Each structure stands twice: as structure tokens, then as C-alpha cells.
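Turn these sequences into a full structure, and let the hints steer you where they fit.
Going down the list, the sequences are from chains D and C.
If you count the first sequence from 1, you need to add 556 to reach this note's numbering.
If you count the second sequence from 1, you need to add 8 to reach this note's numbering.
The reader is advised that the hints may include incorrect statements.
Stretches of chain D that chain C covers, calculated by requiring three or more beta carbons in the stretch to come under 8 Å of a beta carbon on chain C [what the hints assert, rightly or not]: (1) 820–830; (2) 943–956.
Calculated cross-link-like contacts (lysine to any residue; reagent style SDA-like; alpha-carbon spacing at most 20 Å) [said to hold, decoys possible]: (3) C:K310 with D:F724; (4) D:K984 with C:W119; (5) D:K984 with C:G122; (6) D:K675 with C:A328; (7) D:K716 with C:A153; (8) C:K310 with D:A726; (9) D:K716 with C:L325; (10) D:K675 with C:L325; (11) D:K716 with C:K310; (12) D:K675 with C:R335; (13) D:K953 with C:T92; (14) C:K113 with D:G672; (15) C:K113 with D:A726; (16) D:K953 with C:A153.
Simulated from the structure, these hints should not be mistaken for lab results.
Computed from a predicted model, the values in this text were never measured in an experiment.
C-beta atoms are modelled at their ideal positions from N, C-alpha and C, and glycine is treated no differently.
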Amino acid sequence: MDTLALSRLQFAVTSMFHFIFVPLTLGLSIMVAWMETRHLRTGDGIYLRMARFWGKLFLINFALGVVTGITMEFQFGMNWAEYSKYVGDIFGAPLAIEATVAFFLESTFIGVWVFGWDKVSPRMHAVSIWLVAVATNLSALWILLANGWMQHPVGYVIRKGRAEMVDFLAVVTNSYGWLKFLHTVLSGYTIAAFFVMGISAWHILKKGKTDFFMRSFRAGAAFGLIASILVVLAGDFHASEVAESQPAKFAAIESLWTTKSDCSYNLICFPSVRNERNSVEALKIPGLLSFLAFGRTSARITGLKDIPKDLRPPVMGTFLSFRVMIMLGFLFIILSVIAFVLSGRAGLEKRRLFLRIMLYALPLPYIAAQLGWIVAEVGRQPWIVYGVLKTSDAVSKAVSAAQVWTSLAGFTLLYGALAAADIYLLAKTARKGPEPELPAAAGHNKSGKEA
Amino acid sequence: MLFQVIWFILWGVLWAVFFMLDGFDFGAGMLLGRLAKNEAEKRAVLNAIGPFWDGNEVWLLTAGGATFAAFPATYALMFSYLYTALLLLLFSLILRGVSIEFRGKAEGAGWRRGWDFGLFLGSLLPALLTGVAFGNIFMGLPMDAEGYHGSLLTLLNPYGLLTGVLFVLLFLVHGALWIAVKTGGEVERRAARAANAIWYALLAAAAAFLVSTGFATRLYANYMKAPVLLVLPAAAVLALLATKFYSAGGKYLRAFAASCVTIVMVTFTGVAGLFPNLIPSSIAPASSLTIFNSSSSVYTLKIMTVVAVVFVPIVILYQAWAYRVFRHKEVDITAEKGPY
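Set out below in C-alpha cells:
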């Protein structure tokens, strides 16, 4: 493999690994903040224990999200120097803003939250975790505005051999970036909800009905119900935006070969890329695809055959990733509805089959999120900045294939070891369960010694 | 022109603050095994940096982000030219963060010893590597219109290594003083002894650095042109002497403050000598990356200036608040249920 292929592989490995940890952070920070706030409001000690238990899992996960994030910032310059030079005038700004407005906030207040149990007031302590939650979501906004610009570049001109920003407002109000932000953070909330439900289900299966995990499950179900419905809705809006601004990606995710109006949607479909058609098409719903894409059943959609071969993304991977993601998305809604209904009545602990399903469903939202990124990034090829710069023109010139081989091997080893340590710690902590009941409000005594 | 200069100054400030803040984390991480002899003492040392290290590290990310946003060509070439060195820096920073966070979350002597070693390596290497990187930037990199003509080994030249050693010693003294401020009893005494002893080595390295900079780099040219700049190295030297003065007198907080000033002024001394270069070329001066030929458009620089003017003071305010919240000493850590 050459430097380009290796750099792409390395970016895929490091960003997908990073995105194992980020989405749980996005959602679990909000859930922990909500638990702590409930404790403040009601004085019920169980919410404090919930905040501490789920907060500990949050921290184990958070640490890896932070450290693997450093890689992302370095990598643009290390492996994609031509890209960085060409678009740095625009792309660098949201990255620097992300660090300034989000990373500082997040990192400072996570310290206050972890170490401040008896150093700040209970109210300030709850505010700290809310600030962490806001900051992680804010960080997602800025990085997705940056990614949104790569997908749908706006507010720039090509001048002096590079893209220069001429309209900052256009970059920060880019609807592509905002829809992507909504879809992404909601996928994170879904992951967090299924994480909480899955681990709670395990404890209920093992130890029967405990107030702690019944309430945790209920909270996860409520959060999951809202998140799973909204993530599909946001995804639908996002797909319409893709149809509008990235016709090649849209044609690939739906495996649409010929340009036509009144496009029907095939519930069952399988592409045959070599023959430029679908080998299987069944259960057609007339006009649905046109309607989904443009809101009119008569709308005309560009097919892959009308896009030059060298400007088409890899169809099979994009199509399959999208299909499976969609199916999982609907599955999450169904599971969340059932979970919400069952956890609202007595006898959840007796639904052992459902609890087992919820335990094994824990990794599914993670898979859906990874597939979503494959759709987004593979579906954009051959462009790194859609219509402006090709991925093949973006790679560093000063870096040799041997160097990237070395770094890729290093990342694989290091990340593999970290993943093992992380899973070990998460499983251990999750199994151990919450701390025993504390005397009322013991975590919040204000007798912190100060010297 | 104006905005390029503003961002050059900000660029220097971001690096200086990063070294000043994360420097004590690196120092404490390197010294953990020397200063703490049992688990309770280790927890005291770790709790002294625990609430801060992550927020301190963000100054590096911001320095990197600011380089990208304000001087994209420098960001692109510096990061791709120094690929392997940056990779090592990255791995060591990852190791450091994970070691601090994972160490206390499971029992077992083997588990903890492993992460202790990770912390040591993850603290030593960033100190050394950033020093080597800056030493080489001060000297200039072998680059011309064709590209880069060096490798990892060319970076490990005597001057680069000297700068690396200087950084390690700066952070060792800095970290030891922070631990002396933040702990009590035996740990405090050991830390103070370490700071006082290592200071002599630091003095020697600083003297060697100031002299060899005259031979190995062109940094002093700016000082010939504008002698007023000499106030920067003079302040660095005075602050270095004050560090020892206060530390020997048992005034560790003052000594730590003096050490902060030393680190900031050492950074400024180098950066002021670079101006208007960000990375000079050692073989073809015309190929040097300057704040003019590598900067973003004035429009982008203006936007980023507004962002920095609004948000950096806010960041400083709440980080200062956080330092105030955790101003107590980590003395009776065995009695408390500290996170680490």
C-alpha cells in the first residue's frame, strides 16, 4: 500500500476508535447530570448513588475519548498536510474554536466534578457536570461544523491556490453541519440509553429487582425513547440534505443506478456493482424514494450511471452500511418503546427474555454509529472536500509509506492495549455495581478541610 | 501585518502557558517514584495534579489548533516534517492521560506499578520531545523549496538534545516545587530536597543553553536589532535565581511562582528570537516559514482574534477559580476517599 492508502486506513482506524468513546460521553454526561440534579431536588440518596455509579463508568470511558482525541488534531497536519495547507484558512478556525470554547470547559470542570465532592457546594457540583455535558456537546458542534464544511463547503473562495474563508457566518450556519450535529449527538444519546439499560438489565437478571437498577433502567428507557425517535427523524432530514448537496453519495446509499422521476423505494435490494444495476429488487413502494429525498413523489433523482465512474463512491460499502444503520435505527425505536412501557409497570424483573435482549442490544447502537460514519466518509469519496479537493491530493508529501506503516502498527498496538484495559475496567466496575447505601447526603458533606 | 503579529504573540503565549502549567504535571509524573514511597504518598502526589492535568493539556491542543487556524502552512509542514517525533509525543501523551485515569480504578500491585511506569514514561517523553522539537525549531529545519531533508535522527543533534534536557530539568524543578506546595510531611520534604538538588543541574543546563544558542542558532540577531528584548532572558535568569532563593528558604509557593516566570520567560526568549519566523530553514533562508508567508487570510485572523479576546479571559477566569477550589494541601489522604 502507498502513503495515501495507508493514511486513509490509519485515519479510519483512529477516528473510528475515537468514536467508540465519544458518543457515550455525549449522552451519559447528560444522564449523570440529570441524576445529580434529581438528588439535589428530591434529596433522595438513590439518585446520588446513581450519579456516582454511572459517573464512574462515564469517567473510564471519558479518559479514552480525551486521549484518542489528541490524535485527531495532530493527524490533519501529520498525514494530510496538503489538505491542511489548502483548507486551513477555513478548517482550522472551528478546530481552534472547539479547543477554546469546549475543551477547556470540559477538562476544567471534569476535574472539579471528580475531586470536588466536598470542596464545592452540592449545587456547584451539579453545575460542574452540567458544564461538562454542555462542553462535550459544544465540542461535537464545532467539529461537526468543520466536517459539515468538508461535506458541503460554503462561505469560501479559491484564492492564492487555497480555499479562503469569506463568510464565517455561512460556515457556522451551514445546515449540513447542524443536521449532522443533531444526528450525531442523538446517536450518542441513544448509545448512552442502551448502555444504561443493558447494564441495568444484567443486574436485574442476576440479582432480581433492585430499586437502583429498576430506576436506572427506567431513566434509560425514557432517555432512549426520546433519543431513538429523534435520531431517526434527524437522520431523515439529514438524508434529504445529502440528496440535495451530494447526489453521488445519495445514489450510492440507495443503490440507484439510473436517473429517473417517481423513484420507488425497494424494501429489499442488493446492488451488483459490476453490472451497474441491482441484482435483487423487491417490495417496491412507489414514489417513496423521491418523497424521502425531495418531499415530492414525482421528484427526479440522479442515478449512479450519470455520474462519471471516477467520481462515484464505493457503492457496496456505502449502501450496506446505510441499510443496516436504518434497520438498526428502527429496531432501537421498537426496543425503546417496549422498554418504556414495561419499565412503567410492575414486573419488569420477570421479563427475562426482554431483559436479555436489552443486554445483548448494548453494542448495537455503537455499531449503528460506526456505520453512519462509514456512510458519511466513504460515501463522500473520492472527495475530501466535496467538489473542491480530492482525497488523493490531500495527503502529506513529506511522509513515506514506511513511516505510516510504523505509525499504523503503533496505533493498532497501543489502541488495542488501551481497549483491553478499558473493557476490563468497564466490565469490572459495571459488574461490581453501586456503592452500598450511604447515610443521607454523605457524598455532599461540606466539611472539606482546607489548608 | 498587525494580525499576523498579534497571532505570533498569542502563539508564543499559548506555548508558554502550556509549558508553565502542564510542566508541573510532567515533573510530578517523572518524580512520583522518587517522592512517594507508599500507596498513600503516591495518592497524595497524584491528587496534587489530578484535578488539573487535563485542563493544562488543553493549552497544548489550543496551541496546535491556533497554529492550524492562524498559520496553516506552518501547521501542515511542521507536523508532516516532524512526523515520527510527533507520533512519539502523541503516544506518550496518550499513555500519560490513561495512566493517571486508570491507575486508581482497580486494585492490584501489578496493575498500579504498570500505570506508574506509564506515567513516568508519559511525563518524561513529552518534556524531552517538546524540548528537542523547540531546540530544532530555534536552529531551523533542513528544508528548502523541494521539501524536508531530515529524519528523526537529524533532530537528535547536540543542541536539540541540550534543549530537551533543559526542558526536562525545568519541569523536574517545577513539578517538585508544586508537590512541595501541595503536600505535607515526608513527601513535602523529599520534594523540596529534590527541587533544591536538581536546580544546580538546571542552572548548568540553562547556562549551556544560553551560550550555545549563540553558536547554534540565529536567535540573538533580533536581540542585536532590538536590545530592549534582552529584558526577556534577563527576567528568565533572575526568576531562575529567585526560584532557588525561595526554595532554599522554604517558601515553596513563591519558589513555584518564580519557576512559572522562568518557564514563561525561557519560552519568550526563544520565540522573540524567532520573529518573524515560525520555523526557519537551516539550509535555504528563503524557504523559512514566516508569520507572513504561512498565515491565514486577514479575515480569518480577525475572526479568530475576536474569539480569542472573548474566550481566553473567560478560560483563565474559570481555570484560576478551579486552582482556588483545590488550593488545599493533600496531607491526610489516607483519611479521605480521594479519587486516586
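Hints the structure violates: just list their numbers, smallest first. 1, 9, 15
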